[in-house]
Amino acid sequence: MTAIIATESIAATPTAPPRRSRPSRKQNLVGWSFALPFFAMFVVFMAGPIVVSLITSLTDLRSTDIRSPFGVNFVGFDNYVDVFSDPKFRKAAVNTAIFVVVGVPLTMSLGLLAAVALNQGIVKFRRVFRLGFYLPVVTSIVAIAVVWRFLLGADSGLVNGLLDQVGIDGPAWLTDTKYALPSLIVMAAWKNLGFSMIVFLAALQSIPVDLYEAAAVDGAKSWQPFRYITLPLLRPTILFVSVITTIGYVQFFEEPLVMTQGGPLDATLSVTYHAYNQFSFGNYGYTAAVSYVMFVAIALVSFILFRLLRPNT
Amino acid sequence: MTMTVTPPTATPADPPAVTSDGRVVGRRNHRVLLHVGLVAGLILMIGPFVFMALGSFKTTGELRQVPPTFLPEDPTVANYRDLFDRLDFPRYFFNSTVVALAVTAGNLLFCSMLGYALAKLEFAGKRVVFVLVLATLMVPAIVTFMPLFVLISNMGLANTHAGLILPFVVGALGVFLMRQFIGGIPDELLDAARIDGAGEYTIFFKIVLPLCGPALATLAILTFLGSWNSFLWPLVVASTEDMYTLPVALSLFSIGQQETNVALQMAGALVVVLPVVILFFAMQRFITQGIATTGIK
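Protein chains in written order, with the working numbering: chain V, 1 to 313; chain B, 1 to 297.
Below are the BS3-like pairs computed for lysine-lysine, each with C-alpha atoms no more than 27 Å apart in a straight line:
{"id": "1", "chain 1": "B", "residue 1": "LYS206", "chain 2": "B", "residue 2": "LYS120"}
{"id": "2", "chain 1": "B", "residue 1": "LYS126", "chain 2": "B", "residue 2": "LYS206"}
{"id": "3", "chain 1": "B", "residue 1": "LYS120", "chain 2": "V", "residue 2": "LYS26"}
{"id": "4", "chain 1": "V", "residue 1": "LYS221", "chain 2": "V", "residue 2": "LYS124"}
{"id": "5", "chain 1": "B", "residue 1": "LYS126", "chain 2": "V", "residue 2": "LYS26"}
{"id": "6", "chain 1": "V", "residue 1": "LYS178", "chain 2": "V", "residue 2": "LYS88"}
{"id": "7", "chain 1": "B", "residue 1": "LYS206", "chain 2": "V", "residue 2": "LYS26"}
{"id": "8", "chain 1": "V", "residue 1": "LYS178", "chain 2": "V", "residue 2": "LYS91"}
Derived by calculation from the structure, the hints in this document are not laboratory data.
If we strip away everything but chain B, and leave its shape as in the complex, we get:
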């Protein structure tokens, strides 16, 4: 980054950079100030996570010390041992994973199928289906909460994996995303396959889906994260410990017990957050892309 007087046209706008040579000193101050602000912001944003990670290796006694310590004075893994021995965290981890994977798989298949039908096929009632699905984006979750609970209970699915999964295997946002993306695939490509005698299912599985890689990745990561973090539905539906997901388990041994076991809570929180952070870093390109797709265009 050399400081040139002419603005770099490829990089986005930097209004002060555009002004004439008299502002060079001003620009250096500007740059330092900008980075100081950004670093301060970053500390505020990820500080709590760092604190969580470090805290999970402290004792509750050390966490309550005034003034607080930054690094653990006497690092201990006792909290993690408790999570795995005294509490059944492997089981909760397993439940969270099963539910999130099933919800994601359902969304990928069903949303892309409907997305294909809406983008590339003609059938009676197509417009109605699209409008109905989109309209539900504005419906607050609490509206369906109670009827869903009654439904799942009457189906005998309360406190089962199916009860945690089924209400979320289809989602309006996924349809929107897949319809947008599949709409961008040229018709000529599909028509050529039709002329060669390919059926719509062959076209869908052999041509369309393989071209949808980025959109499917975006949908997969967003759905997985949403399901992994979802909290209220499993809190109500999972009534015995063997069905708890991670957020449910964490909430039940942390909420309303602020004074005890803070260090253990930090370790539990880290177990909930860490897989998300790893996934997030690995797939961040698809996350930001997805938001830009559904948001801007």
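For reference, chain V alone in the conformation it holds in the complex:
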């Protein structure tokens, strides 16, 4: 272990400072006494379950076996084959993909718009706006669902009530297969845009004002400063926000659980929801396989984002 670290640091810096001596026995003892409480819990409740889940995905474990989990059979990749040939999974995967592909850019652009607006020097009561825009991020999805279900109700919902005033016959937002998923996307964007806003705002405030002054002297007009100064300088922040938002949105689950229960006709069934359903049915091997497919998808998407948005070469 230490050998690897040592060679790496030498390889990285040819004229490196003298190699750090190996920690003494006492140093190891002290260091681990600080690290162990966390690490023990971490192994039992995080790392362990991750490994167990991988192994389970290769078995036919069911909820009825959990008192004797070592009596199960290894079935190779059967669960994974089942996952990909399951029409419910495919439907869920398509829904999740739509949610991510539409939801992430929507959430991030709204967050960026709010951040740019709040970053104008002339804005009054900036703190009030910032707090208000961020509030949905920190509130319980269950509580939010209570209001949103009511707002989007087909007959007596507030949204359709308002549409009715201007002579539009609003659709059944949550029970029509055409509108259910888009409604959840809008709701998720509403709930999460505050996070993007806060991060973008912090990044915008670190851009030196002289850059804009210089651009103005050079005759930059309307959108040009934003396009040629703000956006390029925000690139690392955009990468960060898009990775965090994407990792969250790929796991999209609680919104359909509290708003539509995955319906109507699986129109809002997501991959995590599908895994959760299979967990409830007791199909633990299958559940584990679906969750590992998710894991790989998240790693892949993050990797692609890093490639797309890495600093210009």
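Using the hints, position chain B against chain V.
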């Protein structure tokens, strides 16, 4: 805010403000437009919360009225009476509080200890520990969900407070935050204490932790909010009513029952949201700081 032609250098960029005097009228329009947009945005963002609060004092009948009323016509606290008499909301409130406090305390202690070890101490396997912990940030929650449930059930902790708390007393994000922050404490300070004969535990509890106030506050508020709002794990682990947390109780009497008791649901939702809003307003500095720390740097 007087309108000056020269841009205020201290305040952040306002591109149109930089242009010459010919744009003064344009700037006034710009400012009005900007504020109209922001206020409209604010109404959309906090409107649902206002609606929730006002709705909790209405009857379900009034809530269903078309066109809708804004203020309650005949304010009633019947919904709140139902929450506390007919449903056991004080008990759910107690459960949520106990779980959130325990999870927060665990994270503060364990994350700052490991953070200190990673930032300031040398020991074999340090790098491996750090990489392993960070790597789990990308693992979707559903991966550990089922094994954790089997584990907690086999430990006999299903439907107990311990079962709700234990899986969350350590978190990777907290380690990251504390390691960053403690890394910024000058080594000279710690070395001076070591020369004076202080042990690492004395240094940690007497010097490092007291300097970590802002980071600990950030971690505390983020962990508390996360635990308070967490929903899926308690939904599966708490099987009898005396173990429900607030979100579980609210979901069980609201989901799938859209047509009945909307006013009662609004009151329940407000009980879930209100403590968060109060905490959030009191500690918002630490929330935004924490996001900026973990995010930007």
